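Colleague: Could you build all of it, start to finish, from the sequences and the hints given here?
Using this note's numbering, the letters of the sequence shown map in sequence onto residues 548 to 1138.
To be clear, the hints were calculated from the coordinates, so they are not data collected in a lab. Just so it is clear, the structure is predicted and the values come from calculations on it, not from any experiment. Take these hints with a grain of salt, some might be off.
Ranges between beta-carbon positions, derived for each pair [stated by the list, open to error]:
no.	residue 1	residue 2	range
1	Asp854	Asn1115	43 to 49 Å
2	Ala770	Pro891	35 to 41 Å
3	Ala935	Leu657	24 to 30 Å
4	Glu758	Gln932	49 to 55 Å
5	Arg725	Asp769	20 to 26 Å
6	Pro703	Asp1118	48 to 54 Å
7	Gly772	Asn940	30 to 36 Å
8	Leu657	Ala779	37 to 43 Å
9	Arg705	Ile1032	45 to 51 Å
10	Val757	Ala779	34 to 40 Å
11	Pro588	Asp769	54 to 60 Å
12	Asn1130	Gly885	48 to 54 Å
13	Asp1034	Arg960	32 to 38 Å
Just so you know, even glycine gets a beta-carbon here, dropped at the ideal spot from N, CA and C.
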Amino acid sequence: MKMRSHRLLGVIGLAAGLSVLLGFLTPDRHVGHAQVADSEPFPLTPPESYITDIATSEDIQSVVQNSVKATFLVGLRSFDWGRVRQGLSPDFLGRFPDLQDGRAIDDNRLTVRRYEPGGLDVLDADGFIETLITHVGSWVAVERVSWNAFEFLLEPTRTRAFARVHLQLAGPDAAGLRSVIDATLAIQFVETPSGQWVVRRLDLVDATRVENPSPPFRDITDAVGLHFNRSAANDALRQDIADIGNSLIDSALSVVDWNKDGFWDLLATESFGQSVLFLNDGRGGFSREQLPVQEDLLIPSQFLFLDLDGDGVEELVGNRVSYRGTRAWIGIYTRRDGGWVYLPETLGFENPRQVRRSDAQPLTAGDVNGDGLVDLFVGGYQNDQSGAPGRFNRIDADDGDDNLLFINYGDLRFREESEQRGVTGTRYTFVAQFFDFDGDGDLDIFEGNDWGENIVWDNLGDGTFRAAMDHPLVRHSNNTMGVTIADWDNTGDWSVYLSNMYSHAGHRVVRLTESVGDDMRARLEMLTQGNQLFGPGSSTGGWLDRGVQLGVSEGGWAWSSFFYDLDNDGDKEIFVTNGNASNRDPEAPDF
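Modeller: Below, the structure is given as structure tokens:
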């Protein structure tokens, strides 16, 4: 199990009281439906001076957000255009695209339009609302309305502020056509005499509208029988955990052909709780079957289902650790004479008396030494000595747990040889993947870490490793929660996608940090930059991050990610799980 608190608390604490000054290029302005004073041209630019006290800036930002929510956002959700108008100043001016502005993006399933500010007219409040109606007026509901500021600069008068925000709207029309609008906006807010903050200027940075005429998926959970069957008491306990600001990461899902009938089955596991096999009946349904794990204390948070001894029959291995004295083990389930047998001490390793693991996290398999036998890498997250006050570092933590490398010697005999083979360190490893990152014909290891930078372990060709210290996947990534690798665009080159964390609050705070050194600034920016898509670099042949350029960096509070061909057109999309937990009190902040 893994208990986690908000990753940005430490960032805000480190950055308090610091400041930064940002500058932006100013292209030509366009004047349309309304006249614009020369002193306030479009595009909007940030003020030359602003308050750099983070606590003051964030307090006012919260007030501004609440004003926007009470007027503009509530009005949008309820199609109450008068309420939307209350969120705009009497002298409002803005640039926002009409439905048919922009350019169409070719896609065989979706209708996609991209919008840029060039050529857009300047609108007054009535014109802006009319433009919004062209986008959402045909919807039967506005199911999603979000407005998140990733930059907020409060002017010294404390009555005006500049912000850059992400606006997202989504909903269906009467025919079931679903649309999503994603826009990045520059905003000037002003405070009214009554204390309400309103939008005085609004300018488009960029936007995308996507319409889906034929939804690729529908929810068939009930129809096919995929139920994990948590009790009401268990759900209440989980909600209690969310309400106090912690989340419990303890479950995983594996897709396997359990009985070799050609149909995909599901292994669902909940650490210390229950593990279930959902057996595909081949007719569009699933039946619940028991897995061989008999004791609750042995139920892991992840399973691997693979042939470890080369007999053509898969073993089942989880990440649950058992202890006795100074030894610890991870057991393996194997099949003999038609039944399952548990081998509790197969994956053994030394465990000092003063250390007791809370849990291992990732499991991944590959032949690291080229002997034809499958080896196992087990990522350690934390133990009961981790997180001690005065030692734990939210930016660069190294008090996590050991990673384990089990070398396969055949007949289900393994030895843990991480230290001997050069894999060292005690970071908070959350994901791991074997892959030949340098194209030399052997398997390297990507170690994705929470609370600090990642590590790429370069295989020297014989199953021994050294840390690739200046590798781009190390130098430019941090707080990684997921990794997926594929030739997504069918170019013959592999790409690596890392799901990290995109934080609007973190971006606002980092913008106000001026007196930190370049190294710390880079670390703070990495904590909030979002997801990354690394592909071959054009000049050096190395790995180059194109996540921002390709529009796949802003995945929110991201966890696992996966390349797959959603629409069967021959190339691969990226699926990212994100979000965290919602408080049972709708007025309380989520995290």
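Colleague: Could you run down the list of hints and mark each one as holding or not?
Modeller: Hint-by-hint comparison with the structure:
1. Asp854 to Asn1115: 43 to 49 Å: violated, 30 Å
2. Ala770 to Pro891: 35 to 41 Å: holds, 39 Å
3. Ala935 to Leu657: 24 to 30 Å: Check failed, 50 Å falls outside 24 to 30 Å.
4. Glu758 to Gln932: 49 to 55 Å: Hint holds: Cβ distance 53 Å, inside 49 to 55 Å.
5. Arg725 to Asp769: 20 to 26 Å: Check passed, 21 Å falls within 20 to 26 Å.
6. Pro703 to Asp1118: 48 to 54 Å: holds, 51 Å
7. Gly772 to Asn940: 30 to 36 Å: Since glycine 772 and asparagine 940 have Cβ atoms about 46 Å apart, the given range 30 to 36 Å is violated.
8. Leu657 to Ala779: 37 to 43 Å: Hint holds: Cβ distance 40 Å, inside 37 to 43 Å.
9. Arg705 to Ile1032: 45 to 51 Å: Check passed, 49 Å falls within 45 to 51 Å.
10. Val757 to Ala779: 34 to 40 Å: Given range 34 to 40 Å: holds, Cβ gap about 38 Å.
11. Pro588 to Asp769: 54 to 60 Å: 56 Å Cβ-Cβ, so the 54 to 60 Å window holds.
12. Asn1130 to Gly885: 48 to 54 Å: holds, 50 Å
13. Asp1034 to Arg960: 32 to 38 Å: holds, 36 Å
The earlier numbered hints that this structure contradicts are 1, 3 and 7.
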